Amino acid sequence: MSFAFPYAFFGLALIPAVILLRLLALRPRELVVPSLMLYDKLQPPPAEAMTARRKKFGVALALQCLAILVAVLAAAGPFVSTKTPEPRRAVLVLDTSASMKTKTSGGSTRWDEARKAALDVTGSLDSRDTVTVVATAPETRAPEVSAGLTKSEAIVRINSLAPRDWTGDMASAVFAAKPGTGSNDVLHIFSDRRPDLRPEMLNAAELWLFGGVSANCGIVAFGARTNDKANVEVFAGVRRFGTAIMRTPAILVNGVEAAPITSRKSEPILDRADWFFEVAAKDGEVIEARLTGPADDLEEDDMAFAVMSGSDEVRALIIGEDDPYIRKALESLGITVTFRADEGALAAAEADFAVFNAIAPKSPPALPCVFVAPPAGAGFFDVGKEVVKPEFGIQTESKLFGRMPVTGIRITRSVTLSPKPGEEARFATLITCNDGTLAADWLGPDRRAIAFGFRLGWMNEKSDTNWAQFPSFVILWSNIVGELTGGSGPKAQRRFRHYRTGEEFRPGPRDGTKTELTGPDGKAVARDASGALVLGNAGLYESRGGPAIVKIAANLLDETESDNSGLRMTPAGAAPAAGRVAFKEDRKALSPWFYVAAMALLLGAWLVESRGI
Amino acid sequence: MDRPFDQEFLRKLALLKFITKKLLLSGGEGDKLGRKRGGCIEFADYREYTPGDEYRYIDWTVYGRTDRLYIKEFSREEQLSVRVLLDRSNSMRFGGTDGVPSKMDYARRLAAALGYVALVSQNRLQISAFAKGAFNSTREVVSEANLTKIFSFLGALEPAGETDVANALRKSALKARYKKLVVLISDLMDQTPAQKELCMLRARGFDCCVFHVLSKGEQGAAAEGVFFLKDSETGRSRRLLLRDEEHNRYKGLLTEHCEGWRKFCINHGVKYFLAFTDLPLEKLVFDFLRRGGLLK
Chain A
0 MSFAFPYAFF GLALIPAVIL LRLLALRPRE LVVPSLMLYD KLQPPPAEAM TARRKKFGVA
60 LALQCLAILV AVLAAAGPFV STKTPEPRRA VLVLDTSASM KTKTSGGSTR WDEARKAALD
120 VTGSLDSRDT VTVVATAPET RAPEVSAGLT KSEAIVRINS LAPRDWTGDM ASAVFAAKPG
180 TGSNDVLHIF SDRRPDLRPE MLNAAELWLF GGVSANCGIV AFGARTNDKA NVEVFAGVRR
240 FGTAIMRTPA ILVNGVEAAP ITSRKSEPIL DRADWFFEVA AKDGEVIEAR LTGPADDLEE
300 DDMAFAVMSG SDEVRALIIG EDDPYIRKAL ESLGITVTFR ADEGALAAAE ADFAVFNAIA
360 PKSPPALPCV FVAPPAGAGF FDVGKEVVKP EFGIQTESKL FGRMPVTGIR ITRSVTLSPK
420 PGEEARFATL ITCNDGTLAA DWLGPDRRAI AFGFRLGWMN EKSDTNWAQF PSFVILWSNI
480 VGELTGGSGP KAQRRFRHYR TGEEFRPGPR DGTKTELTGP DGKAVARDAS GALVLGNAGL
540 YESRGGPAIV KIAANLLDET ESDNSGLRMT PAGAAPAAGR VAFKEDRKAL SPWFYVAAMA
600 LLLGAWLVES RGI
Chain B
0 MDRPFDQEFL RKLALLKFIT KKLLLSGGEG DKLGRKRGGC IEFADYREYT PGDEYRYIDW
60 TVYGRTDRLY IKEFSREEQL SVRVLLDRSN SMRFGGTDGV PSKMDYARRL AAALGYVALV
120 SQNRLQISAF AKGAFNSTRE VVSEANLTKI FSFLGALEPA GETDVANALR KSALKARYKK
180 LVVLISDLMD QTPAQKELCM LRARGFDCCV FHVLSKGEQG AAAEGVFFLK DSETGRSRRL
240 LLRDEEHNRY KGLLTEHCEG WRKFCINHGV KYFLAFTDLP LEKLVFDFLR RGGLLK
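If you're matching them up, the sequences are chains A and B in order. Position 104 of the first sequence, counted from 1, bears residue number 103 in numbering that gives the first Met the number 0, the numbering being contiguous throughout. Position 62 of the second sequence, counted from 1, bears residue number 61 in numbering that gives the first Met the number 0, the numbering being contiguous throughout.
Simulated from the structure, these hints should not be mistaken for lab results. Since the structure is predicted, the reported quantities are computational estimates derived from the model, not experimental observations. Among the hints, erroneous ones may be present.
Claimed, not checked - Pairs of lysine to any residue, SDA-like flavour, derived with a Cα cap of 20 angstroms:
1) Lys-40(A) with Asn-247(B)
2) Lys-250(B) with Arg-261(B)
3) Lys-54(A) with Gly-224(B)
4) Lys-250(B) with Met-36(A)
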């Protein structure tokens with residue numbers, strides 16, 4: 000019950016006034032009579048009569064006060080409103096980008112879940128409501144808008160949609176729907192990522208996110224080229240879950256010096272100054288790349304991904320979930336992709352894990368990591384027991400066995416790296432080729448790099464090998480050329496000694512060499528105000544700065560893909576939200592009833608007082 | 000109160016005369032026939048001659064027809080003395096609302112009317128206003144020429160003091176040199192019983208008439224609740240709860256009071272008139288008083 004004129008409640012001040020007046024009236028009054036001659040013969044009132052009179056007065060006063068209260072309520076205009084929802088327009092924006100093909104843990108794809116949710120929302124609408132279905136499209140295309148549909152038409156339309164092998168520009172789709180939305184419209188967005196829109200545009204929307212936590216969160220891409228100045232160019236992009244807005248497109252790090260022996264570049268790559276990406280190179284070849292940072296700064300699902308290019312043919316091993324975007328991106332680079340199987344299919348994907356089983360001997364870590372294998376050749380990674388050194392004493396053979404679709408490489412030995420100068424490291428694995436020839440090839444001019452993945456938990460949880468003692472980790476084997484000395488950490492004076500030649504690599508100064516970078520469209524990549532190259536499009540970039548042309552896979556992924564951070568995620572299948580619904584309000588005034596009640600109370604007070612009822 | 004009545008009322012009043020059971024001789028000649036025979040003026044009767052009678056009153060004509068001596072008797076017209084006792088106590092102030100005169104006004108007009116009747120009839124008239132400790136009287140007047148004085152006296156009266164009927168009756172009886180018609184106009188709200196004095200007057204041969212003047216509202220206050228009732232004459236207060244029960248009891252007491260006076264008056268040969276102030280004076284005078292035997 001609401002009141003149309005709440006100021007009328009000031010009328011309640013009448014109640015104490017009435018009580019005061021009534022009490023004053025209760026006092027004996029003086030009445031002058033001609034003579035008391037006859038009145039003297041009247042008996043004084045009995046006590047019972049006075050008591051009864053007081054009771055009668057009290058009841059009458061209470062009824063009068065109640066009557067005033069009810070009258071004031073009546074004057075305040077009480078009413079009861081009944082709301083009938085007006086017809087709504089439901090706007091359903093469905094993400095039809097390729098990522099929606101990703102399978103969820105339940106076996107169905109994100110699109111299946113999104114479509115089911117959209118159909119549920121449509122089914123919950125009133126028959127008077129209209130539906131607008133908007134399907135996303137790439138930025139260069141207009142979104143497909145089907146407006147003014149009935150429920151059945153909308154269901155047909157939704158069922159006709161399917162994800163395509165393209166990106167989805169959610170912003171355009173929402174904009175296409177938004178101008179028509181009124182106060183009675185409700186906007187539903189079905190996607191696997193948060194639309195990159197201003198918050199106020201999403202305030203009225205219901206987001207249905209089906210991506211969940213994805214593993215394709217982090218990218219570290221780096222490439223190197225060789226030239227006579229031994230410059231190294233590194234492209235790196237790292238993204239992490241848990242950071243709502245952070246966008247770290249590929250960073251082009253120029254001028255990494257590889258003078259005469261090695262070059263080293265430390266660059267903050269995240270929003271944290273204590274993270275460094277380091278590359279060491281010799282003669283234009285990357286011989287070491289490392290990502291270092293504090294141990295507590297890694298999230299469960301952080302992932303690094305690296306692609307080293309050195310020839311036209313690059314192979315990558317990605318440890319992580321099978322993501323069509325990564326696959327698509329890498330395949331577009333001509334990279335043969337082998338994904339790690341999920342936990343349930345661990346046994347079947349033994350080869351992938353075998354590599355890391357050699358590193359994590361007790362149990363294979365669920366690493367999101369990338370392993371870039373050497374170029375294709377005969378043979379395979381024969382991770383046999385005979386090649387594993389007993390430094391990892393507790394490891395069992397069975398977990399070490401496996402095959403990789405790369406031949407000719409055998410893990411032949413383990414080496415130790417010294418975290419401190421003069422001290423041997425506790426952990427490292429040396430991978431050599433099976434027959435040594437291949438190993439030599441690896442170390443030759445065409446050798447390939449090995450990228451790495453990491454996960455902190457892997458370090459901390461597998462404490463049986465005391466890996467937690469590593470303040471930061473270095474897991475990189477770049478052609479397995481030697482042992483790393485000089486300490487650890489970004490500030491350590493690292494030295495890398497080639498295990499065969501005994502040469503020691505030292506970090507040298509930058510030479511400031513600039514290179515030209517050509518984007519996928521064949522045009523030179525522009526630089527921003529800070530001088531950094533801006534890689535605006537996904538695709539293969541070519542770096543020309545010397546005799547070699549280095550192809551660099553940059554900006555491979557849509558940076559907003561699966562970025563669910565900072566959003567409330569509506570689980571698929573949940574009840575649709577009502578949205579903001581306008582109502583038609585009918586008011587029923589209650590004042591007459593209150594006035595009647597007040598009159599009845601006054602009548603009751605009068606009867607009690609005058610008639611003693 | 001120079002002209003309390005209109006001409007029509009006065010004309011009617013002039014036709015009225017007091018009726019008294021006893022012939023009251025006040026010495027002077029008035030329109031009342033005295034019991035004393037002889038004298039002259041108006042033939043009264045015949046009687047047989049007895050020795051010693053004056054010869055001049057022998058009706059020789061009758062002797063000639065009957066051969067017996069009869070003496071002619073004449074009645075002498077004597078004046079009636081009217082004494083009006085008007086209660087001017089404070090309780091007479093009540094009743095003046097809604098066009099109804101107060102008891103005092105009503106009594107004043109009644110006294111004026113009776114006085115007019117008395118003076119027009121060549122009777123003696125004396126009006127006294129009394130209260131406790133106060134007794135003011137006019138001189139005993141005869142002529143109509145004194146009407147103005149009488150009216151002025153009545154008009155100047157203001158209610159004050161307590162009722163004291165007994166004392167007023169006593170004084171009127173003590174000072175009277177001859178029998179009179181005593182007219183008492185009062186509300187009789189007197190704590191001291193006055194019946195004894197009235198009996199005394201009657202015993203001395205006075206003819207008495209009591210006008211019991213009450214106002215209509217005096218039959219009981221309509222209000223209910225607890226009141227401090229204040230006596231208008233004595234100023235004494237009393238706290239009382241007045242409800243219907245008390246009002247009815249009061250009315251009963253008032254009726255009992257009036258009835259007591261009425262019975263007393265009837266038993267003692269006193270004319271008693273209960274006059275409420277809402278009763279028109281004309282009706283009282285020309286109707287009730289004539290039927291009650293006070294006027295004719």
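Which of the numbered hints are not met once you compare them with the structure shown?
none
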